[in-house]
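S.K.: Work out the full structure, taking the sequences as your base and the hints as a guide.
In the order they appear, the protein sequences are chains A and B.
Counting from 1, one number per residue, gives the positions in the first sequence under this note's numbering.
Counting from 318, one number per residue, gives the positions in the second sequence under this note's numbering.
These are computed hints drawn from the structure, not numbers from a lab.
Because the structure is a prediction, the values reported are computed rather than measured.
One or more hints might be untrue.
As the list claims (entries may be wrong) - To give an idea of the interface, some chain B residues facing chain A are shown, with a C-beta separation under 8 angstroms as derived from the structure: (1) 370; (2) 461; (3) 594.
Claimed, not checked - In silico negatives: residues of chain A with every beta carbon more than 10 angstroms from chain B: (4) 17; (5) 72; (6) 78; (7) 82; (8) 130; (9) 215; (10) 217; (11) 302.
Even glycine gets a Cβ: it sits at the ideal position worked out from N, Cα and C.
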Amino acid sequence: MVATLMRRGLSSVTSILILTSLVFAVAELTPGGPAQTILGLHTTAEAVKALNHALGLDQPIYIQYLTWWGHLLQGNLGYSLIQHQSVVAVIGQYLGNTAVLDSVSLLLAILLSLGIGIVQGANANTWISKVISVGQFFLYAMPIFWLGIVLIYIFSVTLNWLPSGGAQDLAESNFDLVTYVRHLILPTVTLTLIFTSFFSRYMGTSARLEFQQAYVTVAVAKGAAPVRIALLHVMRNAARPLVTMVGLFLPWIFAGGVVVEEVFNFPGLGYLLWQSAIQHDYPVLIVIVMIIGLLTIIGNLLADIINSMLDVRVRYE
Amino acid sequence: MSSQGIPLSAPSGRARALPGLTWLGWVSGRPPQLLLGSVLLLAIVLVTFVGPLVYRASPYTINPLLQLAPPSAQALMGTDQIGRDELARIIAGGQDSLIVGFAASALAVLVGLLYGLSAGLGPKLGDQILMRVLDALLSVPTLVILIFLASFFRMSDAVLILLLGLTSWPRPARVIRNETFATRGKDFVTASRQFGARPLFVARTHILRMILPILVVNFVFLVADNILALSFLSFLGLGVPPPIPTWGNLLTDGLQNIFSNSWWLIYPPGLMIFFSVIAVNAIGEGIVTAMERS
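M.R.: Below, the structure is given as structure tokens:
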């Protein structure tokens with residue numbers, strides 16, 4: 001287990017090195033560069049040149065890359081070219097919202113998927129499981145952003161129950177939990193639906209296979225209640241592939257969050273990514289890409305650890 | 318098996334003399350998803366490519382007297398905020414979505430094939446390096462990379478094909494590498510090698526033939542992914558510039574005018590994306606089911 005973790009850790013470091021250099025190489029492609037973006041169209045070539053020099057952007061790309069790493073190791077992630085703050089401060093304002101949105105949706109989706117999957121597995125080859133799989137198939141093909149728009153149309157425009165977008169600032173002095181939650185509902189529902197359509201499919205297949213195992217027959221023969229078998233015996237074993245799935249699909253989970261944040265103007269990392277991409281704010285962009293990469297790698301490690309806790313056999317491999 | 322009890326595979330030539338019957342036999346032997354998906358995709362292709370010949374309204378003509386008008390005889394699916402015909406815009410937007418989606422996926426599978434084959438057939442060190450690069454690319458969602466890259470380019474269909482194609486190849490590449498790796502250890506490949514077959518010959522005649530079904534399935538599912546990614550980029554304003562319509566930027570218009578209750582700007586473009594993805598996914602699942610049966 002320790003050896004596996006070490007190997008994983010090492011390959012993660014390589015991944016991050018490759019990733020950051022790729023992002024840097026691409027940033028070099030921009031015509032005019034960030035200086036042009038900051039100064040706007042009505043400026044002189046000299047002004048652009050001077051600003052490029054001041055920002056260190058006129059140096060060769062590998063020098064910039066090494067400088068960036070030097071600063072990073074000193075705890076300096078750079079400064080936003082647009083917002084005139086450190087990248088840490090900018091990202092700090094958005095990170096909390098994304099963490100809340102993604103983790104609440106993921107948690108709800110996992111709980112729902114466990115339940116739906118067990119129901120589907122227990123009723124394999126009946127109309128119940130067929131209805132569920134048709135639902136999963138259609139929901140999975142639903143473009144996330146369109147689902148968001150449709151929900152806005154129904155719940156904000158037609159029924160006027162919930163706000164159509166935005167969010168209350170977590171750091172605001174007159175922070176109101178009710179307002180915050182009201183803004184959170186629609187984005188969370190959108191994400192949860194999409195995640196559930198995907199994960200419950202895997203859970204359903206895995207539960208169906210578990211229900212065919214001999215231990216289920218034994219439990220039935222001993223007279224255990226069906227609910228007890230489903231929740232105590234099958235759930236634990238059937239959940240293992242789901243854990244791996246969630247770990248493997250973390251990039252996809254973040255991507256879902258990015259989409260939803262943009263539809264609902266929800267001020268999280270995905271929204272910041274979009275704004276930074278439009279404004280060519282590379283120092284922010286590169287750190288967001290790195291954070292998402294890092295979280296994915298950590299998530300995969302966590303999935304390995306949780307799996308070893310659910311199944312003793314994995315620990316000794 | 319036909320109802321008359323004549324086996325369709327009979328070498329007598331009788332079955333072949335009845336082409337209609339063999340066709341029916343072919344269809345009835347396939348998974349239903351394959352048929353439903355193909356019919357739906359064909360319908361979408363017909364609407365978007367033959368539609369303009371039937372429905373003559375221009376997607377660009379502005380009609381100031383008919384802004385945000387609901388569906389009527391004048392404009393079958395209503396008009397947008399500056400009075401352009403919504404149905405004409407959906408039809409025009411569909412052509413690009415389908416062309417870019419298919420072309421980008423073909424490019425991605427091609428790149429993935431070359432990458433996967435070189436990793437799977439090359440020396441061990443090369444394989445390890447290529448796989449680490451792949452891990453790095455796969456640790457960040459394609460969509461995030463796309464948003465990042467899209468901000469650098471002035472968009473056209475050609476640029477979008479390149480961009481989507483060159484960001485979506487890592488997943489097929491990994492599958493192809495694993496399959497190649499598994500196939501290369503098989504006895505018949507080893508035998509062929511020992512007879513002196515060159516690596517390129519082995520790749521072409523043995524490996525490629527073995528991994529072809531997986532290649533096709535990956536291509537089909539990629540098309541769905543790429544149609545979705547393309548619409549989302551357009552929705553964010555990072556696709557082809559206006560006034561060119563795409564299913565994605567039609568939804569941007571829909572969202573911006575959502576409080577004028579203009580449902581006709583929200584449902585039709587979204588449904589087109591939805592149906593295209595369903596059609597393509599159904600075809601993919603149909604192929605997978607057919608492969609599992611054989």
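S.K.: Each of the hints needs a verdict: does it hold here or not?
M.R.: Evaluation of the provided hints:
For residue 370 of chain B, the shortest C-beta to C-beta distance to chain A is roughly 28 angstroms, which exceeds 8 angstroms, and the interface hint is violated. Evaluation of the residue 461 of chain B hint against chain A yields a held restraint, the C-beta minimum of about 6 angstroms falling below 8 angstroms. With a cut of 8 angstroms, the hint placing residue 594 of chain B at the interface with chain A holds, because the nearest CB-to-CB distance is about 4 angstroms. Annotated as non-interface, residue 17 of chain A brings its C-beta within 10 angstroms of a C-beta of chain B; the closest such distance is 8 angstroms.
Residue 72 of chain A, annotated as away from the interface, keeps every beta carbon of chain B farther than 10 angstroms; the closest lies near 17 angstroms. No beta-carbon of chain B is positioned within 10 angstroms of the beta-carbon of residue 78 of chain A; the least distance is around 16 angstroms. At the 10 angstroms boundary, the C-beta of residue 82 of chain A stays outside the reach of chain B, the nearest C-beta of that chain being 13 angstroms off. No Cβ of chain B comes within 10 angstroms of the Cβ of residue 130 of chain A; the nearest lies about 13 angstroms off, and the non-interface call holds.
Every CB of chain B lies more than 10 angstroms from the CB of residue 215 of chain A, the least distance being 27 angstroms, so the non-interface label holds. Distance check for residue 217 of chain A against chain B: the nearest CB is about 26 angstroms away, which clears 10 angstroms, and the non-interface claim stands. At roughly 14 angstroms, the least C-beta separation between residue 302 of chain A and chain B is larger than 10 angstroms, which holds for a residue marked as non-interface.
Violated hints, listed in ascending order, are 1 and 4; each of the other numbered hints is respected by the structure.
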